[in-house]
Amino acid sequence: MLPNTYHLLVGIDPEEEEKLTGIAFDDISEASPSGGWGQTFAGEGVVEKVIPVMELRDWQVPLQTRIQVEELNIDPEQTAGYRQRLGLTDNEEEWPFYFIHQFDNEEYEKIFVELMNYPAEKTDVVNADLGPYLTPFMVDYESLVISQDGEVDFMVADGTNIGLVSLNSTPVFYRVSAVEYEIHGERLQVKQTGEDQGVPLYRQVEKQGKDVAESIEQEEMIPFILDPVGTFTIGEYEESLAASPLGFYQLAPVYYLGTEKEEKLEMTATVKPGSFVTAPAQGVTNIASAAAIKENPIDAIRVRVADIDGYTSEAAAKITQIAEEIEAMGLHVTVIAGASPQKMEVEVEGLGLVEEAWTTLGAAGTIISLWNSNNVLLSLSFLFVSIVYLIHRQRSWYLQAQKEMNIMYQLGWRAKEAVRIAVSEQLIMFLAAAVVSALILLIIKSVFQLSYIIFVWMLFLVLVTMVLSVLLISKQVRRCFHRQVDEKKLVKKRHPLSPRSYTVKNIHYFRKLIVHSFMQIVVISATAPLVYLSVGVTQEQAGITLLGQYINAQISELHIVLIIGAYILTMVTLTENIFSMLKTRKKEIGTFRSLGWKFRHIFHLYAAETALWTGAAICIGHGLCFIVYSLFFPITAKAVVLLLASSSGLFAMMFLCSSLVIYYYLRKNIEKITAYTSL
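Residues in the sequence shown are numbered from 517 upward in steps of one, following the working numbering.
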């Protein structure tokens, strides 16, 4: 006979539960429940209440058996003697049924003891896994047959073999306490509370009720028996039940990690009450039936707020408002909307390290708050980099167009006409840039599944940028016409700065040409590492839940795209700045050549200048990043190493880019500049 197994039975409101989960629970409807094989026993009039049960098909009973088969040297005469002692007849058709009625026979127990102590001539051990063939409440009423080679199959009642399902222990149930977790350092621990037939217990277990035999012996009515009437499965409803409140449908596995954490082993609740693994609802019944077992069967009421499609700030506010209204009635309210599973490592006495899935309340709100802060920081940094780029671009255009504006002025052009031409050029450029940006944005939208609202924002930013650019250009053109700026006045005369090197003097002399690029590099050096440092901290804090891990995977890629975009914008600015500065210094290059300077000397000078001021900008930016980061987050060795790696990598990237630009410009134009200067 198989041992008794115990399973979690939950009382529900079938109609309301179907609305929440989509699963039909008609078989346990209080008004007209279905009948199962338990009704057969109840028909004898000794049972007060028949409790309809629908069992969970997704659950396998974790039960294995080890059978020791002994071959005894017993001859036919001894066998006949045993049969005579039990009063068995020679009618083969009656054998199984007569044998069943011997279970409570005192003589049967004596013979059983004799046979167990009889010396065996041969012994075999058969191991079998019964889990795939057993269900929690045996709704199919099927017995099992185990062959000598350990194969398990369902028994066919052919008159020789017979199987039974015992209802004797059905009215017996247990109340169990919650698992008591203790905090030791940074880890949770669970102590063993006892043992039941070799099975460890981790909860306080209290036996309730009495078995059928005891009730009959005391001439009492049997309080209830279970009547398996149907099954349900959560396979097709897995997604809708992933965030189900109270989690009694959840089949989140518990894993054994051991000590080395080399391989996870999935664990399940034992068939004995008191396991530290929380099992799902392996069976459900209606509330009225549950009251026959537990006087006050309602432990919790779930409230689903209507007209909510997603977890937004508006939805969160509505949920909070309704929760406060219910709480005002004197009820305890726990908001589970936005909750998410979180993996926790627990040290279990007698087993070792295991990994459990806990439900973290308010995870969505916390994650949204964390990422909103990072999004604001990233948006501001990217916006600032873009603004600096726009100012630099207009400044570069102004410096390059001054000579052209002077010629137009000398030819008698009016400022209004010059403004119209300049604005037309800018509008054409903006239109082309907007088209390219829209195409790139369309690709980003399809990759990251973004809303079409981003195109509205793009159009708004293009219009604002265009208006500001037109106003700035108009002002610059009019200023140029009014001042009649001579090209020689673009830069100030050099002042002797003897304490400094020639490289530093050049940087100081051309500071107005590099100031915007310098500021942009400072900004990107401060914000980019700050963003991915804060993103790293946010991912660690948000990633403790499964929802946070999913959101991290989705959002981090977009952040990387934006940071890369900011870097590219900075590199473009640096390239334009170097080209502008080299064009301004054509005469200087010619002078160097006339003095006998070789290509490499000029290249090294300009590369050193660029490396000096870009390196200074990077150091200042990363210093600011370190200061700001230390105000909000703890300084760790990882953060310091990342900052050092970021500054080194950014400097190497900018040095390589600037060197290539300088090399390309000098290699292409140095001979032309030399010839022009010699003329």
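Quick caveat, the hints were computed from the structure, so don't treat them as lab data.
One or more hints might be untrue.
[Said to hold, decoys possible] Here are the in silico distance ranges between beta carbons for each label pair:
#1 Ile-956 x Glu-698: 52 to 58 Å
#2 Ala-636 x Asn-684: 27 to 33 Å
#3 Gly-1139 x Thr-784: 26 to 32 Å
Please read these numbers as outputs of a predicted model, since none were measured by experiment.
For each residue, glycine too, the CB sits at the ideal point set by N, CA and C.
Checked hints:
Checked against the given bound of 52 to 58 Å, the beta carbons of Ile-956 and Glu-698, roughly 55 Å apart, stay inside it. The hinted window of 27 to 33 Å between Ala-636 and Asn-684 holds, with their beta carbons roughly 31 Å apart. Separation of Gly-1139 from Thr-784 is about 55 Å and departs from the stated range, judged on CB atoms against 26 to 32 Å.
Hint check: a violation occurs at hint 3 only; the rest are consistent with the structure.
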